[in-house]
Every structure is written in structure tokens, then in C-alpha cells.
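Novice: Protein chains in written order, with numbering that gives the first Met the number 0: chain F, 0 to 343; chain A, 0 to 343; chain E, 0 to 343; chain L, 0 to 343.
Bear in mind the hints are in silico, worked out from the structure with no lab data behind them.
Mixed in with the good hints there might be a few duds.
The list makes no distinction among identical chains, and a pair is therefore deemed to hold if it is satisfied within one copy or across any two copies.
What the hints assert, rightly or not - Straight-line alpha carbon distances no greater than 27 angstroms define the calculated BS3-like cross-link-like pairs of lysine-lysine that follow: (1) K134 with K163; (2) K137 with K45; (3) K163 with K137; (4) K45 with K245; (5) K137 with K222; (6) K222 with K245; (7) K134 with K222; (8) K163 with K8.
Number of protein chains: 4
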Amino acid sequence: MQALVLEEKLRLSLCDIALPLAMGPKDVRIRVARVGICGSDIHYYKHGHIGPFVVEKPMVLGHEASGVVAAVGNEVHQLAPGDRVCMEPGIPDMSSRASLEGHYNLDPSVRFWATPPIHGCLTTEVIHPAAFTFKLPKQVSLAEGALVEPFAIGMHAATKAQIKPGATAVVIGAGTIGIMTALSARAGGASQVIISDLSAEKLAIAGGYPGLVPVDIRASSLKERVGELTAGWGADVVFEASGSPKAYDDIFDLVAPGGTLVLVDPVLFNVVAAQAKEARIETIFRYANMYPRAIALLASGKVDLNPLISATFSFGQGIAAFERAAEGRPADVKIQIAVEESAE
Amino acid sequence: MQALVLEEKLRLSLCDIALPLAMGPKDVRIRVARVGICGSDIHYYKHGHIGPFVVEKPMVLGHEASGVVAAVGNEVHQLAPGDRVCMEPGIPDMSSRASLEGHYNLDPSVRFWATPPIHGCLTTEVIHPAAFTFKLPKQVSLAEGALVEPFAIGMHAATKAQIKPGATAVVIGAGTIGIMTALSARAGGASQVIISDLSAEKLAIAGGYPGLVPVDIRASSLKERVGELTAGWGADVVFEASGSPKAYDDIFDLVAPGGTLVLVDPVLFNVVAAQAKEARIETIFRYANMYPRAIALLASGKVDLNPLISATFSFGQGIAAFERAAEGRPADVKIQIAVEESAE
Amino acid sequence: MQALVLEEKLRLSLCDIALPLAMGPKDVRIRVARVGICGSDIHYYKHGHIGPFVVEKPMVLGHEASGVVAAVGNEVHQLAPGDRVCMEPGIPDMSSRASLEGHYNLDPSVRFWATPPIHGCLTTEVIHPAAFTFKLPKQVSLAEGALVEPFAIGMHAATKAQIKPGATAVVIGAGTIGIMTALSARAGGASQVIISDLSAEKLAIAGGYPGLVPVDIRASSLKERVGELTAGWGADVVFEASGSPKAYDDIFDLVAPGGTLVLVDPVLFNVVAAQAKEARIETIFRYANMYPRAIALLASGKVDLNPLISATFSFGQGIAAFERAAEGRPADVKIQIAVEESAE
Amino acid sequence: MQALVLEEKLRLSLCDIALPLAMGPKDVRIRVARVGICGSDIHYYKHGHIGPFVVEKPMVLGHEASGVVAAVGNEVHQLAPGDRVCMEPGIPDMSSRASLEGHYNLDPSVRFWATPPIHGCLTTEVIHPAAFTFKLPKQVSLAEGALVEPFAIGMHAATKAQIKPGATAVVIGAGTIGIMTALSARAGGASQVIISDLSAEKLAIAGGYPGLVPVDIRASSLKERVGELTAGWGADVVFEASGSPKAYDDIFDLVAPGGTLVLVDPVLFNVVAAQAKEARIETIFRYANMYPRAIALLASGKVDLNPLISATFSFGQGIAAFERAAEGRPADVKIQIAVEESAE
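Starting from the given sequences, assemble the full structure and let the hints guide the process.
Specialist: What follows is the structure, given as C-alpha cells:
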């Protein structure tokens, strides 16, 4: 089976690899169609590790995937060969305490695609549990299906925020996750989402969506803009998605009394200022139970992720796709690889 | 001061009336611009009472109002003469226990416009606490401002429902409040809102909005339709806004496991079926703290209430307006009276 | 293997039965020590069915059990032979949507002990998933361990209620579940729990616990008593655990504005009165994730369930135990069977 | 009127002072009985300021008070002369947005006793709004009444934590607020509360309460102890009440997956570790709506605050009381001043 393999730091190869393909009664076999390249894939490619996770032997990359079901295990009833699907990349122990309590994403024994030593999905075929494989409605393309994973992060952040209908939200940072969070917050109940960044290109993409108000912090003060747009009250919810320590300097000045701060990209910060607002702070780790509602939003037309696909490469051009993604062009949001075009 | 007065059941007059106009330091004086006619106004007009509230002496009708500030008390800083505003019609005792706990709508001593013996606002000028008077942004017309009150009911229902982003909602009943609830649920996070009724005219109005899926229950089964649209899982939230006992026969068949039922129009029902879904049931009473977020949704363009104004009458034609509203034409959603056109 | 078998309505036998004992890698084998008799066991014994669940062939009864681990599967690490344990009797499909969302109790495919056609645990040995088998700390006896199941129902009701520290609660009905709910509410944060019933004997047992205030509704008005004890404000939470339609006549008069009604035993009722209080109504179905916290309360000494064990019979006297339980003596709360005394 | 006045830093005098005593229709006049000395009083005494609040002219100290009603305004119905009461010391603008939303404690215009330039209550008589004056049941002494204020801080922290019945809590720091928080958490639903400190004396006081497990961090590792007591899962809720930066080094090692951290005394910290647990972080600012439930806990006997009164001084000995409090003796929890002994 062909796969895009990270041999070691900075060395990718498109080669044949023998992957275990034993299929259990609750599993499905999927022909991979589209895979998006994530910041973590690029980080492994450039640095060979992320925190304690080190690439010690060749590893297939990729965890944002869609595909077409080729076969199903004999206890699988909700899926059938030919179904177009997307896949949630982390597989927990379903009988762990974290799973029983509904946050299976926090199970320490979770196996997550392209997190060493687990292989990713940039290959022609994968075996996956049916419980983490989601059928795409006919309105949702396979390209959009491969965007559900990063969208689920934004959806999880917006869900944890418990946004009240009509609330005002702020998203700090207009990278891929920042935009996904802003779209989730707007679709998830906010009347307006103020999104800030230093990059005019990213703000132009974000500002192209209705309800998203871009603020270029090189040109204007985010604090003043939030004050103007909320009659001095502050935003009900602030999402930190920049990972920039500077973002925290006055972050609680942006929050309304009794408001919420959601840390998508957490850093060191001073919570003394939180107290005067009695702010709630939520932290998130990936997502849980987000795929069905994320797909529903795409199917309903309420969210359109297509403008976020910056370029699509063929599988044969997979290494070039990674080189482009690693460039970090300011107007690039998501680079995808079409693994099997006939699947689409 | 001229006012539209209900002298007694079925007898309205447009006449001069002396209303007390003492203004406290935290009050504002407002020239009334638009007033919408509510089902309760019509009920008082037709029957002379609602439950324990009986019209025993002449009473000014109307509680859905917008206007222009004419003067402000000397402790009022957030409003100024000339501001276009809408008004929340219930005034609680702000130091009651219910108010301190944040649900001032439940204070038993609340004074509510056009609820005997309190006069309503179908008059040229009113005095109102600044805390319950909300400035309209320039994008929001005075006609829309007078729709904020019924919209706030839908918003309160959607807020209580704690809709997760991308959830599926059902609204039973496509009357004014049903449509307001459906719009609030959609803007408040739902990917799709299935709305059911017996009236093709009302469903046509509801179905004109994106994301609202009309179901004519004379022609098709709501339960089957919800099953189809949720892959058999059920809706995350069901709003009952029809007040029809028949609606409850299989209402929990519509609800997903762990889902929520919001009773906008409650009746007698059997909760045994609720248990198997472990459903949460929320009841609502008017609204609290909804105006700022309701106005924000209108200002952002996410919700457009203009299609719901079926006809507008001048103040001089106020009695005709009531006669039209009392007809209950199937395609009528909201009849408004333009009290002072120069104000607009 | 010996078991207490319901052959058909009103016919029990203590006999040998061949039960499947295949043990998976995540299972444990347990020597059963104590089993409590539940109202549902008695109902099957007297009537042969509960709703749609009909005893069509001989079925072992019992689902409230404790025991001692005899062997563990090779993927089980948190338990070892010799551990004293109690068992949660419902086994869901862990990869169902309801399970993934954290309410595995709502999975329609759950297999629950002594619910036809699933055998119960009134037998000498059972195989059970380790994930639903909970180690008892040394302070908690096997007799108390067999009370964790009904206690978990009360705990689930109290958890759903989201009791604020110091709140006042009312429990209507002082049967086993009513008392369990009252103890859970008190330990779970209530300052006082008013508990009502018609039985002086049951109220005497309930009233023996600190913080439980018994009200005999033959002698005094529950509504008046709640008014006195809450300075007219009403109770923050009301639990309905009597299943008596009469209980609903004025149930919302007991609830404070913004309060909560938890339906442990639901019936037909009129929710119009709920609206004026804007009450939230929670329904419950068994429990999920309650065992660890229930056991923690017993271990800490905060809750003592021993006074609720009315009588203990040997396994050989199992039929007599059922006859006693079926009598429904007013002072009986829980009858237990000591299946294997040497285990204790 | 006699009062204990802070003339300037380190200079207290017990002298006559003219305080404005205009009483509105919703106010009551109260003869002060007991006043507790708070850390903030001592801080003003020692340093003359707290953050931006500077004592620029003589100010009466004290904000933890109980007393006896001497007279009531003509719109006050729930209180009468002779009633024993305690008083909530912060008076917000009841029509502010924060108040309307139920968190009046966050209103920026709140007037709080003994926060410059507002006088405190260490005087013989005060005028106070009836809405913030709470009647003490006969079981609750005036000495306990003066402890309701610091207890309300612990109650507010425990309420924000949304403790599930039977949960395990940790409180870092066994000062007055730490102990109050631990008692609130235990009464508010926790099965056990692990409380840590460096002071053997304070831990001895805390450990004297059932359900509080003291950990001396000079002698043992808090992390290991929490691991042992929670079978390695971690605590459901951790309260930080020490204000010590060292406490944050491994604070998320104490928290269970999906758990909550409540910052009573916030400092700078690194939230990266929060993410892996997906922890929720709550911050608190004083309290709102806590007095009724705090008093209910005292009246029910579930919480006994008497052991926390370390010494009581007469009003004439008020300066000596402050000197004692300023010593910070390790076994001192609360020093009280009996302003008018005849009132008790």
C-alpha cells in the first residue's frame, strides 16, 4: 500500500508500506480520498517531534481525512460500501473512566493518527472503527469532509463556550483554527465575531464571511474596537487562538462581567484580572462528539468551508504539498492532498 | 394625551386620557413611534380578561413598542434625547429576591404594560426606567424595534434550551411566537429548525427563511420527518409553541436521548415517556436580559424580522388595526400601529 | 450453579441452572455475596412483567449486588482476586452514540440484570465487565455495597438537580428511593430536606437522619410546611418520588422561582403552573457514572445506609425473603439475601 | 456616634464620628452587635491601601457584621425592630446591567463597607438596605452571624465549582478563607475535602471537622496524597486559596480529567497543563445571593462556625483586637469585636 511517510525530520517519501489491516466486527475499511495537512504534520516534518512525542521510526503522516467505505465489519449497520465518509482520528478505550463520563478525548490511552508511534492516514486505505466514521450527506463534498477535523476543534471551543444566542464573541488569531473557531462561534449563536490578527491576508479571508469583523491589531486597538462594538460592556466570550503571550496582556479587558475565556492555544498568564470580571476560563483538548453537529452545519449550508481550501495537490505531488504547507504563505489556510481522485 | 383605550370587552376608543407622567431621576420620557398588536391585546379586546387579570376600568392597550427619547432623568447617562429606542414592558422591584438572583421576570410584583390594572403604551408618550429602555443601532428601524418584544420571547426560549452549535431543533407551531422561536433557535446555534403547523400560509412564511424546514402535519408525519432529518436519533431540542394538547401525544418521540423540551405554550401531558430519554424540560415566563442580544442579532443582519410585519396602520386607524388583528387571517403574523409617524 | 429463578408469575425456585460463563479479557468473575431485593424484582415475581418486559422463560432475579472477585481477564489491571466489589447492573454498547455522549444509561441496547430476557445476579457467580465493577474501600461492607445500586438512583436524581450548597430540597415519598434521594440531596449540598409521606413508619426512619425533616401529609400540609421552612420562598429543588398523581396537584407551589423539579417517578401532570416559576424539570433514567461518587460518600462516613437494611436472609431462605419483601411491611426499607456468607 | 476609625496607616482611634443616617423607605437602621476583623481591615491598618484603594481621610473599618434591627423604612415588610440580622456589605446599583443579569457583585459602582472612601460598620449603628439585611434564625447566634460574610466567600467558591454529590475536593491553603471554602465544599456535596497548608496549627483546626483531610505539605506530597485518596483519578474540584505561586507548579496534576479549578486567590500560572485535563477554571469576586443559603446551612446545624472564633474583644478594646489580629498568630482564625454586648 502506498503512503506518505516521514522517514525522519525533513525527509518525506511516497513509498509502499505494509500496514496492518485486520478488521474487527465493528470496523470499516475505507479508501482514502482527501487528506488535509495540519500544523502538527508540518511540525513533525520540520522538527521530528512535538513535545514528548518523537518520530523514532518511519511514520505515515496525516489525520484530517475523508474517503469512501470499501467494506464493513459484520456488526456494522449504519454504514455500507460506497458511503462517502469522514473519520475522527483519535480512538479511545471506550471502557475507560474518561470515556464513560463522556469525554473520551481525555482518555490517556487514546490512539491518534500521526502521533508517534501511531501511523496516520496519508495512505490509500485505512481500517477504522465505525463509531468514529461519519457518513457525509450528499451536499457535503469529500474535500469539505476532510475539513471536518479542524472545524471540530473550532466547534468544540464554541460548544464549551456555551454561547448565548446573540452574544458577541472575540477570536484572537486568524490562523486556520482561529477562523474555524470564529465560524463555529457565529454559526453557534453569536451575532458578531470580532477576529484579530497581524496578517492582512488572513483577515481578508476571515472578513469575507458575514458576521466576522476583522481587526488588524497593527492598525487599531482590539480593546477599543471591542468597546465600540459592545457599548463598553465587553464581549460575552473571548477565544484565544493565537498562542501569543502578548495577547494576554489585556485579555480580560475584552471580557464582559461574568463572561468566558476559552483557551484554544494556552500560554502563561496572569489571572488576577480575571477575578474582577468573575470570568470562567475553559480549556479544550481536541474535541468529543463534535462530528455529527459539524457535519450538520455544513449540510445545512450555514457554514461553507470551501473558501478555506487554498490549494489541492495529487497524491503523487504529496511531498510538494508538504513543502508548500511548510512555507506558511500568509494567504494559505488549508492545503489538501487528493489521495484517490477516483473516489470522489 | 391621546391613547387607544379598551373601555370594556369589545369596545375600543381612541381618546384623550390623563396619564401620570412623573419622571424619576433614572427614568426617560419617550415619544411612542410603533406598537405591535399582541395576541394578549386581542384577547383582552375580545374577552375582557386573561385568567385572573380582568379589565375592570378603562385601560390603554399595547406593550410591544419603540419610540424616540424626548427627555432623560438626571441620573441617566447611557441615553439622550433623540435616541431611537425600544422598551421592555415589565418593570420589576429591582431589590426583590427574584431580581437579585437574575430572574427579575419572576418577581411577583412586576408591573407589566397592558396587564390590568397597568396601562399599556398605545399612547403618544410614556415614562419608562432607563434600565428597561434600549437604544436601537442605526441599522435597526423603529418598526423592527417594536418587534423586539415578541422576538425576546423566542430568544428566551432559545437561550433556556442551551442549544449546542449545529444542533437540530423542532418548533411545534408556526404562529408569531413559533416563528420567533425558530428564528432564535437557528440564529442561536441550530443547523436546521424543523417547524410544524396546520396552516400552509404560516409555513410558507416560516419556510421562506434559510435553515427553517416547514412540515405540514396535515400532509406528513412530523415524527417521520424528524427521524429522516436526524438519521433516527431525534432532535436535540423541541420547542412546544402550539398549545395544542395533540402535540404532546408523541412529543418525546421527537427528542434525542439526553435532549431538551422547552415549553413555550404548556399544557397537560404525560411525562412517563420523557424518562426513557432522560429529557430536560424547561418552562419559560416572558424573558429576562434578552433585549441587548436580540437587538444585536437584528443589527448584525443575522435575523431579519421585516417579513413578519403583515400590515401597518396609522394611529387614527388604530381600531381598524385591532379589528384586522382580531380576524386572525392565516397569513398575518404581526399588525403594527404607527403612533407618531414623524418620530420615524 | 445455584440460582433463585422466577419460573413464572408467583413461582420462584432455588435450583441449579447452567449460565454462560465465558470471560472476555476485560471481564471479571465474581462470587456473589449480597443481593438486595428491589421493587422491580417483586413486581416481576407478582405480575410476571413490567410494561413491555415479559418473563417468558425462567429468569434469575436480582440486580443489586456485591461480591468478591474470583478471577480477572488479562486486560484488567484495576481489580484483583480477593477484591470486595459492587456491580453496576446495566451493560451498554460502549460505542453507541448515547455512550459516546456520556449517557450510556440511555443506550437502547443496554443489557440490564433481571430485565427479561437477561438473567439477574441471584446466583453464586457472575461474569461482569471490569468497567462496571467497583472496588469497595475497607470501610464499606458488602451489605452496604449491595445498597449502592438503589443509592445510585438517588445520587443520579440529586446530581441532575444541580443542588447549590445550602439549598432547601423537598422529597415527596419516603419509600426506598425517596429516602435514598433525600440522603443524596442532603449529602449533595442541601441544608435541609423536607420529606413527605403517608406512612409514619417510613417517616420515622427518614426522620432519624440529621437534616431530614419528615412531614406526615395526613396530619399537616406540605405546602404550608415548606412555606414556613423557606420564609415563603419555596424549595430550590423538589423531587417527586411517590408516583402518586395527587402529589402533582400543587407541586409547583412548593418550588421557588427559578427552581427545579426532578421526576423520579413521573406521572401525568399539568405544567401550566410550572411556567410562572420558570421551573426546570429533569427526568431521570437509572444512573450513569454514579458508583464512584456513591461509594466515596459511604467510605467518607457522610452517608450511612446500614439503618435501611430491614432484614437479611440466607440464600437457602431466598424464597422466604421474597415473600417478606412482597408483603410490603411499612417499616421495611430493604430486604437483602446473603448469597455466600463466607465471601463476607 | 462612636466608631473605630483608621486615621491613617497604623493609627487607629476609637472616637465619635458624625455619620450620615438618612434612612430611605427600603432601608433599616441596625444596632451593630458583632464585627469580625478581616484580612483586608488589617491590610488597610498596616499599609493604608489595597491596590488602587487608598485611605486618604479617616475611615471607619469593618465589614463583617451582625446586629439588631432598631427601625425599618415604610416599604420594608420582611424585617421588624428587634430582629437579629447580619448584613451583606456591598451595595450595588440595582438597575445596572450586571445586577439585572444576576451578578450584582460585578457592578463597578458597588459601594462596599470599609473600602475607601466608603465607611465600614465598626460603629454603634448603621443604615442598610433591607434587601441586603438577613434575619438570623434563632439557632444562629450574633457571633455566627458576623461570620456569614467570610463564609459567603467560601460558599460562592463552592457554588461556582458546581460540585457533584460525592465528589472529592482539594483546598490549597488553610487560612480563614481556605477553611471556609473547605467547609462549604463539604457541606455543598463533597464526600471528602483534602486541605493543605504549611501551618500545623491551622491544619489542626481544619482537621477537627469531619470530612476534612489535612495534608501538611512540609511533611508529605499533596499530589501523592490526592492520588492515593482518588485511586489515581484526581480531584473533581481544586480550590486555590493560598495565593502562593508555588501552589501552581503542579496544580493540574491534582485535577481529574474534565475537572474544575476555582481560583479564590489567583496568581500567575501556566495553563498549558490545564488543556490535557480540559479543565474549567472559575474565578470569583466576593459573592452574590449567598447569604440565604449560608444562613440555612448554619441554622440546620450542618456547618458549625463557632470553632473558628479565636477571641472576642469588647468595643472599648477594639484597638487591642486589631493589634492581636495584626500579629497573625498561627492558631488564630477569626478575631471578633462585640460592639454592643447588650444587643446579643
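Novice: A separate judgement is required for each hint: does it hold in the structure or not?
Specialist: Here is what the structure says about each hint:
1. In this assembly of identical chains, the alpha carbons of K134 and K163 lie at most 27 angstroms apart only when taken from different copies (20 angstroms versus 29 angstroms within one copy).
2. Proximity of K137 to K45 under the C-alpha cut-off of 27 angstroms is found in neither arrangement, the shortest distances being 37 angstroms within a copy and 51 angstroms between copies.
3. In this assembly of identical chains, K163 and K137 lie within 27 angstroms of each other by CA distance solely across copies; the values are 23 angstroms between and 31 angstroms within a copy.
4. In this homomeric assembly, K45 and K245 come within 27 angstroms of each other (Cα to Cα) only inside a single copy, at 25 angstroms, whereas the closest approach across copies is 35 angstroms.
5. Taking the shortest Cα distances, K137 and K222 sit within 27 angstroms of each other only across copies (22 angstroms), while inside one copy they are farther apart (43 angstroms).
6. In the homo-oligomer, the alpha carbons of K222 and K245 lie at most 27 angstroms apart inside one protomer (13 angstroms), although the nearest pairing across protomers, at 32 angstroms, exceeds that limit.
7. Taking the shortest alpha-carbon separations for K134 and K222, only the inter-copy value of 22 angstroms comes in at or below 27 angstroms, while the best intra-copy value is 42 angstroms.
8. For a Cα distance limit of 27 angstroms, the shortest separation of K163 from K8 qualifies neither inside one copy, at 45 angstroms, nor across copies, at 41 angstroms.
Violation of the numbered hints given earlier is confined to hints 2 and 8; the remaining hints are satisfied by the structure.
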